[in-house]
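There are 2 protein chains.
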Amino acid sequence: MKVLKTIDLLKVEIENIKKSNQTIGFVPTMGYLHDGHLSLMKEARKQTDHVIASIFVNPLQFGANEDLDQYPRNLERDEQLAKEAGVDILFCPEVAEMYPFEMPMSIQVHKGTNVLCGQSRPGHFDGVATVVMKLFNLVQPSKAYFGQKDAQQVAIIMNMVQAFNVPVEIVQCPTIRESDGLAQSSRNVYLSENERAEASIIFESLKKACDAIKSGILNRKEVIQRVKEHLENGMGEIDYVDILTYPELEIQEKLSGKVIVAVAYLYEKARLIDNDIIDIEEENRHV
Amino acid sequence: MKVLKTIDLLKVEIENIKKSNQTIGFVPTMGYLHDGHLSLMKEARKQTDHVIASIFVNPLQFGANEDLDQYPRNLERDEQLAKEAGVDILFCPEVAEMYPFEMPMSIQVHKGTNVLCGQSRPGHFDGVATVVMKLFNLVQPSKAYFGQKDAQQVAIIMNMVQAFNVPVEIVQCPTIRESDGLAQSSRNVYLSENERAEASIIFESLKKACDAIKSGILNRKEVIQRVKEHLENGMGEIDYVDILTYPELEIQEKLSGKVIVAVAYLYEKARLIDNDIIDIEEENRHV
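As they're listed, the protein sequences go chains A and B. Residue numbers for the first sequence follow the numbering used here, beginning at 1 and rising by one. Residue numbers for the second sequence follow the numbering used here, beginning at 1 and rising by one.
In short, the hints are calculated from the structure, not lab data. Among the hints, erroneous ones may be present.
Pairs involving identical chains hold if they fit within one copy or between any two copies, as the list cannot separate such chains.
[As the list claims (entries may be wrong)] Listed below are the simulated DSSO-like cross-link pairs for lysine-lysine, each with C-alpha atoms no more than 30 Å apart in a straight line: (1) Lys208 with Lys19; (2) Lys11 with Lys214; (3) Lys18 with Lys214; (4) Lys143 with Lys5; (5) Lys258 with Lys46; (6) Lys228 with Lys2.
Note that the structure is predicted; figures quoted are calculated from it, not measured.
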């Protein structure tokens, strides 16, 4: 596996791959890799000729009071894990390499940002879209892999690809969970021992929503209430619980079609998100 | 020459060209082609294997009170001219093909828009950047050709390419002029006979600036004043006259280095722009 820190070195590699007409699978990450990231890399390994992953903690997508400086990093361990997962090139630029000057322009997301994480993280998805556009242009992948855990991010990146005609296919992969159901996340490392012991309530609360819908409750507010009630047993605080159409992320009071049940839950030092995507017609067939 | 109206048909062509590892030269236009456009196509013909031109009058870059509906169109004539200039593929999509839904996001330009045309055309360069990003993603050219006449546009697109790491080289080609010096423009067709007869004063006013600088006058305001004085002889109105560093487009009271002298002049139905780029150190060597 090659570890590249500069755009110039990456360009040489990309040019050579393109000349040979081989496909590139791309997994952009912020590092501190967990099984979720590794599952994306393994999927890319199966589907494409060259797997390129990036590790870049993108300042543009962090708010002023967020955890940019504290965001966990361990490049040495990440290199080992990425190599084992079959990555060919690991691109891990410094901030000054990606942003050598103040950005003279950026992508501004108008749709899908007034809900879920967009509400508590203004500008977050502008930063995500901007850096992902840069990375797509640098890596020129035919497929790019994202985890369902960040479902709003995936929806917005799919919108971006469509809106700007980016020649890449977005592959959304399932959330990878710990044995108790907690979604794997780099931010889980912020949890205290007690918080970690109970953090599966987030996953359980999503199951409550799924059960309610399966039992025929299709009133959005009522299902949200069930989720909230379960989360109120925990020692954290609810940031949001919502149910929206997916991937449009629109409010629909009587649930139907494909919906996302999404939760953000605040522990002392960790803001955790999780979601479940439910196809209601599909579920009803099983009832 | 192939004339393509849909993205799907264009994609098939681009894929085939990419597979053969040949280079693409791209000339994006709004049609109603003149010698300026044709010079770009001919340059692309010389430098690259496949020449693709687009004709698309992009609604996003027109303000509410601008000439979107009146913008001159003549596709039949354009096809003939493009073919003669050596274009291989002419892409001329309808608006609904380029914007099948309201854009869920767009590029917002923060730098270089508070001067020149950016002042009188708010949002114009956001629309230009957004459509050019779309077209670059669709065509995937190795080189793209723009005329110096729209110098602010070229500067902003160069900024975009750098900011988003777009894998394309921007080639800036000289302004093509009528025999009396008037810069060729699709909008020249709006001029009345009297206006056309005197419209070379715009070009002459730029020469006044160049002469002043050559004679050692390096005070920005003083040079601007010379240009304005000349334009005041005309029957139109000055929209702006400015001198800025190029391509940074910053104000510099004591002129040095590379500067752009830029003019926008309003006739009854036509807003015409023109510019000259002067390397002051270079000029001084000749003095």
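Status of the hints after comparison with the structure:
Taking the closest pair of Cα atoms, Lys208 and Lys19 never come within 30 Å of each other, the shortest separation being 51 Å inside a single copy and 50 Å across copies. With identical chains, the CA atoms of Lys11 and Lys214 are never at most 30 Å apart, being 50 Å at best within one copy and 43 Å at best between copies. In this homomeric assembly, Lys18 and Lys214 never come within 30 Å of each other (Cα to Cα): the closest approach is 48 Å inside a single copy and 49 Å across copies. Taking the shortest Cα distances, Lys143 and Lys5 sit within 30 Å of each other both inside one copy (22 Å) and across copies (26 Å).
In this homomeric assembly, Lys258 and Lys46 come within 30 Å of each other (Cα to Cα) only inside a single copy, at 28 Å, whereas the closest approach across copies is 52 Å. In this assembly of identical chains, the alpha carbons of Lys228 and Lys2 never lie at most 30 Å apart, being 46 Å within a copy and 59 Å across copies at closest.
Going through the hint list in order, the structure does not satisfy hints 1, 2, 3 and 6.
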